[in-house]
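These protein sequence lines are chains A and B, in that order.
The first sequence maps to residues 1 to 307 in full-length UniProt numbering.
The second sequence maps to residues 1 to 388 in full-length UniProt numbering.
Everything labelled a hint here was simulated from the structure, so no lab data went into it.
Treat the hints with care, since some could be wrong.
[Stated by the list, open to error] Dumping the calculated PhoX-like pairs for lysine-lysine here, alpha-carbon to alpha-carbon at most 25 Å: (1) B:K161 with B:K27; (2) B:K59 with B:K75; (3) B:K153 with B:K91; (4) A:K266 with B:K174; (5) B:K195 with B:K174; (6) B:K313 with B:K280; (7) B:K195 with A:K266; (8) B:K161 with A:K266; (9) B:K185 with B:K212; (10) B:K359 with B:K372; (11) B:K27 with B:K313; (12) B:K372 with B:K54; (13) B:K212 with A:K266; (14) B:K75 with B:K212; (15) A:K266 with B:K181; (16) A:K266 with B:K185; (17) B:K174 with B:K212; (18) B:K359 with B:K54.
[Said to hold, decoys possible] On the chain A side, residues computed to face chain B include the following (Cβ under 8 Å): (19) T10; (20) L14; (21) L16; (22) L138; (23) S163; (24) L214; (25) M220; (26) S270; (27) P279.
[Unchecked claim] Far from chain A by the CB rule (all over 10 Å, computed), these chain B residues: (28) K185; (29) Y193; (30) K195; (31) A326; (32) E330; (33) D375; (34) D376.
On a predicted model such as this, the values are computed, not experimentally measured, just so you know.
Glycine included, C-beta positions come from ideal geometry on N, C-alpha and C.
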Amino acid sequence: MSATLLAVQTLNGLQLGILLFLIAAGLTLVFGVMDCINLAHGVQYMLGAYLAVAAYALTGSFWGALVLALIGALGLGLLLELLVFRHLYDRDHLDQVLATFGVIMFLNEGVKVVWGAAPLSLPMPDLLSGSIVLMDGLLYPVYRIALIGAGLGVALLLYVLVSRTRAGMLVRAGATNPAMVGALGVNIRRLFMLVFGFGTMLAGFAGILAAPILVVEPGMGDNLLILAFVVIVIGGIGSIRGAFLAALIVGLVDTLGRGFATDIAKMVLSPSAANDVGPAIASMLIYVLMAGVLFFRPTGLFPARSG
Amino acid sequence: MKRKMTAALAAVALGVSSLAAEAESLKIGFLATLSGPPAVLGIQMRDGFLLGVKEAGGKLGGLDTEVLVVDDELKPDGALTKVRGLLERDKVDMMAGVVFSNVMMAVYKPIVRSETIFVGANAGPSPIAGKACSPYFFTTSYQNDQNHEAMGKHAEDAGYKRMIVMAPNYQAGKDSIAGFKRHFKGEIVDEIYTKLGQLDFSSELTKIAAAKPDAVFVFMPGGMGVNLVKQYAQAGLAGNVPFLSAFTVDETTLPATKDTAVGLLAGAQWAPDLDNAANKAFVASFEEEYGYAPSLYAAQGYDAARLIDGALKKAGGKEDKAALMAALKEAPFESVRGDFSFNTNHFPIQDVYVVKAVKREDGKFVTQTVEKVFDDKVDAYVGECRMN
């Protein structure tokens, strides 16, 4: 297990973490600000990817597709808010889970009707299609580096938006005490609608960026949704900073676990037993981590609300 | 008394007439996974089957054919309920289809116990080929291990000494690796088992690059395979480390992987370029009917319909079940694979090939045969089947 290998695996982990952050950011925002469990966040991620594929067919350019799909994702987010989510804010969490689960099924089947069940793809932009040699025999696509850059950019943007602007202040206040903010004359409904639309756009953005390296297929967001929930639970619900750090931790733990768990198990077990135990441990690690965090800090590492 | 007699006679007469009406039609329950991410496999299989029915003028073996297509949603318990409905409520004459082995294991026993003829078109788990084989079950696909075995044999023939094998961490993944090892005698440097549904493979690809094996063998069905193939190419491994696969590179994933998959190898019992008349006609009419390239799943579905058609004609209808089963066993149809016959466990004896992903002149991506690995391959479990 050389130092190079460890370094490359660490980079892989950070990159997965960034991807998870892109998805979790919108989720934690909506959950934290509006206290609304949005299981449909994963399908909004999926819609971003599908819209990008459709827009690419239309424009023939990745950048054109990016812009069009972002606008489309925002529009769809606002539409969903108007049709479904608006009626759920005052309901309890179980109602929200049921309704948004319905949205998942509806949209998963919907994309199948429109685009078919076969997996699709979005080509990388030419500008970012090169790669650099990371170690002997392994290339690292420039696109993945750009992805890390985009993730850091989103983190910075959210940080500035939430902690340095008036809108951010209202969002933070709304997260702490929506009734009081409403009483002070802020249109809380409109604020929620904007936050929800923005959250959907973030999910869509993640879907668009992921499309060139991951498969675009119905249900593509379902697995990621679970990971995103793990991230926001570890990070502290509603906390952007928490989501960012937790995403990096989850990405690192998962990647390093997959990279080394079997090899470590081989030190103490026979190879065939290690092949059974290693992957099992690797796939459990992030959930063990989550359980540990919940046990010692039930509100997550960086809770957004106090009290 | 007399009234009773009349009533009884009327009942008999009615019974006879309804029997006559039934005799002219055929009801087939077709079970396939048509929702969720792997739906594309079930859709291909169904489209192939329905094309076979359509080409017979909607009359398999001359009987008006009604196909009840049912989505199993990849849920074994739900599939069981739906199959019971088909058997008891709809009283289907035959069952066909089934994509996934876990669904197959759930519905297989109830179907064959009800003595309903069952023509499988994909899943071929080892128990059904071996100890649990049944005279009522026939399959136009393969025993699950076969395409993995072909890749193992190919790796051995190619002289690879050090290999890395990779599969999802579940039963079919373990079976796949076991099948691969059956004919590969070189060293397995590393066995990588990934989470089912894994999206990002950079950790695994880094391992492969570090170990520098002669080649890799992977089994990554569906979306996982698309992700892996794209990332394999993006990591620069595609040109350097030969990529052997099973159920990973085929016409269901190629529309998404496109150029990144070109040149990658797979084991398969069928490819669109197999040189026989039945296959040429099938590929042409399939693409005309549905507008996309058929995969092996479609070919198996098509063969299932053709097998039923041929057997019904040979047996002279569906009434004499014993004669129909005997006819099915003789496989009286032109398979799109060319060479095809049933073994004693009703699994195919067939040739298995190495196929390669290529870009066709019209821009579509398809598989193409490279070489024949096995001639008249017999599955590994037939000895355990105590039928006949």
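Evaluation of the provided hints:
The straight-line distance between the Cα atoms of B:K161 and B:K27 is roughly 52 Å, outside the 25 Å bound, and the hint therefore fails. A hinted pair counts as satisfied when its Cα atoms are at most 25 Å apart, and B:K59 with B:K75 does not qualify at roughly 31 Å. Of the supplied pair hints, the one linking B:K153 and B:K91 is violated, its CA atoms being roughly 44 Å apart against a limit of 25 Å. Of the supplied pair hints, the one linking A:K266 and B:K174 holds, its CA atoms being roughly 18 Å apart against a limit of 25 Å.
Of the supplied pair hints, the one linking B:K195 and B:K174 holds, its CA atoms being roughly 13 Å apart against a limit of 25 Å. Distance restraint check for B:K313 and B:K280: the Cα-Cα separation of roughly 23 Å lies within the 25 Å cut-off, and the hinted pair is therefore satisfied. Simply put, B:K195 and A:K266 have alpha-carbon atoms about 19 Å apart, close enough for the 25 Å limit, and the pair holds. Only pairs whose Cα atoms come within 25 Å are accepted, and B:K161 paired with A:K266 is accepted, the gap being roughly 22 Å.
Between B:K185 and B:K212 the alpha-carbon distance is near 18 Å, which keeps this suggested pair within the 25 Å criterion. Only pairs whose Cα atoms come within 25 Å are accepted, and B:K359 paired with B:K372 is accepted, the gap being roughly 21 Å. Taken as a hint, the B:K27 and B:K313 pair is honoured in the structure, with Cα atoms around 16 Å apart against an allowance of 25 Å. As the CA atoms of B:K372 and B:K54 are separated by approximately 32 Å, the hinted pair breaks the 25 Å bound.
Taking the CA atoms of B:K212 and A:K266, the gap is about 20 Å. The hint holds against a cut of 25 Å. Our distance criterion of 25 Å between C-alpha atoms is broken by B:K75 and B:K212, whose separation comes to about 40 Å. A distance of roughly 20 Å separates the Cα atoms of A:K266 and B:K181; the hinted pair therefore holds under the 25 Å criterion. Annotation: proposed proximity of A:K266 to B:K185 holds, straight-line Cα distance about 22 Å (limit 25 Å).
For the hint linking B:K174 to B:K212, the alpha-carbon distance of about 23 Å falls within 25 Å, and the restraint holds. Of the pairs offered as hints, the one joining B:K359 and B:K54 is violated, with about 29 Å between alpha carbons and a cut-off of 25 Å exceeded. Because the beta carbon of A:T10 sits about 10 Å from the nearest beta carbon in chain B, more than 8 Å, this interface hint is broken. Taken as an interface hint, A:L14 does not check out: its beta carbon lies about 11 Å from the nearest beta carbon of chain B, beyond 8 Å.
This hint holds: A:L16 has a C-beta 5 Å from the nearest C-beta of chain B, less than the 8 Å allowed. At a threshold of 8 Å, the smallest CB-CB gap from A:L138 to chain B is about 4 Å, leaving the interface hint in force. The interface hint given for A:S163 is broken, as the beta carbon of that residue sits about 31 Å from the closest beta carbon of chain B, more than 8 Å. The closest approach between the C-beta of A:L214 and any C-beta of chain B is roughly 5 Å, which is under the 8 Å cut-off, so the hint is satisfied.
A hinted interface residue such as A:M220 counts as satisfied when its beta carbon comes closer than 8 Å to some beta carbon of chain B; here the least separation is about 7 Å, so the hint holds. Interface hint at A:S270: violated, since its Cβ lies 13 Å from the closest Cβ of chain B, which is beyond the 8 Å cut-off. A cut of 8 Å between beta carbons decides the hint on A:P279: the least distance to chain B is about 4 Å, and the hint holds. With a minimum CB-CB distance of about 17 Å to chain A, B:K185 clears the 10 Å threshold, and the non-interface call stands.
With a closest Cβ-Cβ approach of about 4 Å to chain A, B:Y193 is found to fall inside the 10 Å limit, against its non-interface label. Not every CB of chain A is more than 10 Å from the CB of B:K195 (nearest about 5 Å), against its label as outside the interface. No Cβ of chain A comes within 10 Å of the Cβ of B:A326; the nearest lies about 38 Å off, and the non-interface call holds. At roughly 35 Å from the closest C-beta of chain A, the C-beta of B:E330 stays outside 10 Å, upholding its exclusion from the interface.
In this structure B:D375 is separated from chain A by more than 10 Å, as the shortest Cβ-Cβ distance comes to about 33 Å. B:D376, annotated as away from the interface, keeps every beta carbon of chain A farther than 10 Å; the closest lies near 33 Å.
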